[in-house]
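Here is what each chain is made of, one letter per residue.
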Amino acid sequence: MSAIGLTFVDWIIIAVYFVFVLGIGFYLKKFTKNEEDFFLAGRRNSSWVAGLAFLSANLGALELLGMTGNTFKYGMFVAHFYWVGAIPAMIFLGIYMMPFYYSSKIKSVPGYLKLRFDEKTRVLNGIAFGIMTLLVSGINLYAMALVLHTFLGWNWDVSMWMSAVTVAAYVTLSGLLSAIFTEIIQFFLIWFGLFLVSLLGIIEIGSVGEIMTRINQISSEISFTTLWSTSGDPSLNGMLVSWAGIVLGLGFVLSFGYWTTDFLVVQRAFSAKNLQTARMTPILASFFKMAIPFLVIFAGLIAIVLANDPNSGFKLLSDGNQINYDSALPLLIARYYPAGLVGLGVTALLAGFMAGQAGNISAFNTVWTYDIYKSVMNRNASDTHLLWMGRAATIVGVFISLITAYWAKSFPSIMDYMQAIFSWVNAPLFATMQLGMFVVWITPNGAFWGLVLGMGSSFTLYLAAKFNWISASIITLSDVSSDMAVNFWRAWWAWLICFVATIVISLFTKKKPKEELVGLVKGLTPSTVDKESKLYQKPEFWAIISLIIFAVLNIYYW
Amino acid sequence: MKPIWYFVGLILFIMGMLLMAAGLISLSSPPEIKPVLYELHSNIWWGAIMMIVGLIYILKNRKIKIE
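Top to bottom, those sequences are chains A and B. To convert, take the position in the first sequence, counting from 1, and add 13; that gives the working numbering. To convert, take the position in the second sequence, counting from 1, and add 20; that gives the working numbering.
Hint data in this document are derived by calculation from the structure and do not stem from the laboratory. We treat Cβ as the ideally placed atom computed from N, Cα and C, and that holds for glycine. Watch out, some of these pointers could steer you wrong.
Unchecked claim - No farther apart than 25 Å at their CA atoms in a straight line, the calculated lysine-lysine pairs in the DSS-like style are these:
#1 A:K328 to B:K54
#2 B:K22 to A:K43
#3 B:K85 to A:K43
#4 A:K544 to A:K286
#5 A:K42 to B:K54
#6 A:K286 to B:K22
#7 A:K523 to B:K85
#8 A:K479 to A:K286
#9 A:K525 to A:K286
#10 B:K83 to A:K286
#11 A:K43 to B:K54
#12 B:K54 to A:K286
#13 B:K85 to A:K46
#14 A:K387 to A:K525
What the hints assert, rightly or not - If you anchor each label on the Cβ, the simulated ranges turn out as follows:
#15 B:L44 to A:D322: 50 to 58 Å
#16 A:V178 to B:P50: 33 to 41 Å
#17 A:G333 to B:E87: 57 to 65 Å
#18 A:I140 to B:P51: 48 to 56 Å
#19 A:E545 to B:L44: 48 to 56 Å
#20 A:V513 to B:W65: 53 to 61 Å
#21 A:V221 to B:R82: 58 to 66 Å
#22 A:I140 to B:Y58: 51 to 59 Å
#23 B:Y58 to A:G166: 39 to 47 Å
#24 A:R392 to B:W65: 20 to 28 Å
Stated by the list, open to error - Interface residues of chain B toward chain A, partial, derived using beta-carbon atoms under 10 Å:
#25 M21
#26 I24
#27 F27
#28 I31
#29 M35
#30 L39
#31 P55
#32 N63
#33 A68
#34 V73
#35 I76
#36 I78
#37 L79
#38 K80
#39 R82
Excised from the complex, chain A in its bound form (with noise of 0.2 Å):
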């Protein structure tokens, strides 16, 4: 029996998104007429389009499930991903890092490498993330199916194959400008589809007071509701964590990982019409960002109190021993939702699903055709061969990614290497990032070998973990530690590694001439301070505001 019964009208609500979004990939094909079109969305975005793309290429429904239910395991811990696992970096991207990324004019993170070192390095990330992209958008796939499987009874084929299909026609019509279109949508059907979860549960519970005093009662040990106070010493939080593995693994390595160089979030950026309006593109998505947790704590926290109330008849879905608690969001939609709502409901989910995957494949297919197959195969291809080249890449990548879902479907347990798979790439690449763009004297040896050094030790501590060849406290230097600690502090020791491997060889390695570096590196960049704009139409300015927001929002939830 399926945990969520569908309505007449929820159906039809589904079935006017798919055609919704089938018929925005028709509409625009007509003006995805050369490559710049369709691979950076004519480059004509307004910071608004491309902030909101930029959130929502991160919000997927996978994170919308999987933070729901972390909240529910870690408690108020799992804000610090909204937080600083993200703010800071995001204002960091739009002060100091957008200017060398859109001012080189490049196409994709690969391109900002082969530039400012060589192209063994463009290379070698460009078939890591490619590979990267593909995982993630095939495990995304599968998770969608699951899900969908579980919480609705649908045939775990039909519902994979048809938002493959969809997927890969809406993006192969017109690449990143259906691939943002969407992804604005999405955000606003996610936001309208969810707010009442968490609306409705606080007002069946009372209020936001009465919802912490309750947790409180439920676990009086452990802190499910504090964000810091409990950080000093990690067996008093739920994530069993320190704040400097918060601090150094999720809000340093993994966040400016993530949210700096992630071409998937960064090509969001690259299409804004101006450098001013790339500059505002992350800063005005962190706006965005620090309200999400009003979606997923809030509706985590509800469900915990819920479970823990005999009265309520709330229980998570659970397979034997083993508690599913992706299934808390769903589950809360079915309490709550009467008919319409739920069909609403879960569109927004399936959006999610379809517009991080969208996500996924229009980055896949930028990187191949630019990083790998024009650097690699076919240097002297022309721009409608490139175009041709894109839509081929799409429509292989999606099938790539169904392939990836079938085999994370006999596989279950690769969902663990999620996690692997990003501090893999990207904890080492920021480390590249951040010499290459802020130190003048690192050299193209010294990057290649540190990001290879830097990826080949993240993969090898987190088998060593998995594995038992070596101990979870050495990795996390606490006694007690969650999977979660691990990963922040398996990412910073990748990020560590990199970073000195890239300084040290740089030293005995041959430098580029500094002419060639004028607009890549800092110091040999003229200055973006904006004179003529007014104050508010400065990013730094509203990037102060953020922060602001940032620190009240940490201190008031302390």
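Starting from the known structure of chain A, arrange chain B on it as the hints suggest.
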């Protein structure tokens, strides 16, 4: 090309209308199994809010074309 906000308005309006219709229908024939807080009829007022927001986006962007 129509701006994205026009399409956002369109989908919010259509879905809001469907939500509201579902809520009004369930007033005359309530479901056998009612969700928690059913008496708030959240689909009716939430559908209305979505329709209003959608309409604002449609009206503000109906004449705008971007190159």
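Tested hints:
| no. | hint | in the structure |
| --- | --- | --- |
| 1 | A:K328 to B:K54 | 18 Å, holds |
| 2 | B:K22 to A:K43 | 12 Å, holds |
| 3 | B:K85 to A:K43 | 14 Å, holds |
| 4 | A:K544 to A:K286 | 19 Å, holds |
| 5 | A:K42 to B:K54 | 44 Å, violated |
| 6 | A:K286 to B:K22 | 17 Å, holds |
| 7 | A:K523 to B:K85 | 52 Å, violated |
| 8 | A:K479 to A:K286 | 45 Å, violated |
| 9 | A:K525 to A:K286 | 31 Å, violated |
| 10 | B:K83 to A:K286 | 21 Å, holds |
| 11 | A:K43 to B:K54 | 47 Å, violated |
| 12 | B:K54 to A:K286 | 50 Å, violated |
| 13 | B:K85 to A:K46 | 17 Å, holds |
| 14 | A:K387 to A:K525 | 23 Å, holds |
| 15 | B:L44 to A:D322: 50 to 58 Å | 33 Å, violated |
| 16 | A:V178 to B:P50: 33 to 41 Å | 38 Å, holds |
| 17 | A:G333 to B:E87: 57 to 65 Å | 59 Å, holds |
| 18 | A:I140 to B:P51: 48 to 56 Å | 53 Å, holds |
| 19 | A:E545 to B:L44: 48 to 56 Å | 54 Å, holds |
| 20 | A:V513 to B:W65: 53 to 61 Å | 58 Å, holds |
| 21 | A:V221 to B:R82: 58 to 66 Å | 39 Å, violated |
| 22 | A:I140 to B:Y58: 51 to 59 Å | 54 Å, holds |
| 23 | B:Y58 to A:G166: 39 to 47 Å | 23 Å, violated |
| 24 | A:R392 to B:W65: 20 to 28 Å | 60 Å, violated |
| 25 | M21 | 5 Å, holds |
| 26 | I24 | 5 Å, holds |
| 27 | F27 | 6 Å, holds |
| 28 | I31 | 5 Å, holds |
| 29 | M35 | 6 Å, holds |
| 30 | L39 | 4 Å, holds |
| 31 | P55 | 5 Å, holds |
| 32 | N63 | 5 Å, holds |
| 33 | A68 | 12 Å, violated |
| 34 | V73 | 8 Å, holds |
| 35 | I76 | 13 Å, violated |
| 36 | I78 | 13 Å, violated |
| 37 | L79 | 17 Å, violated |
| 38 | K80 | 13 Å, violated |
| 39 | R82 | 15 Å, violated |
When the structure is compared with the earlier hints, violations turn up for hints 5, 7, 8, 9, 11, 12, 15, 21, 23, 24, 33, 35, 36, 37, 38 and 39 and for no others.
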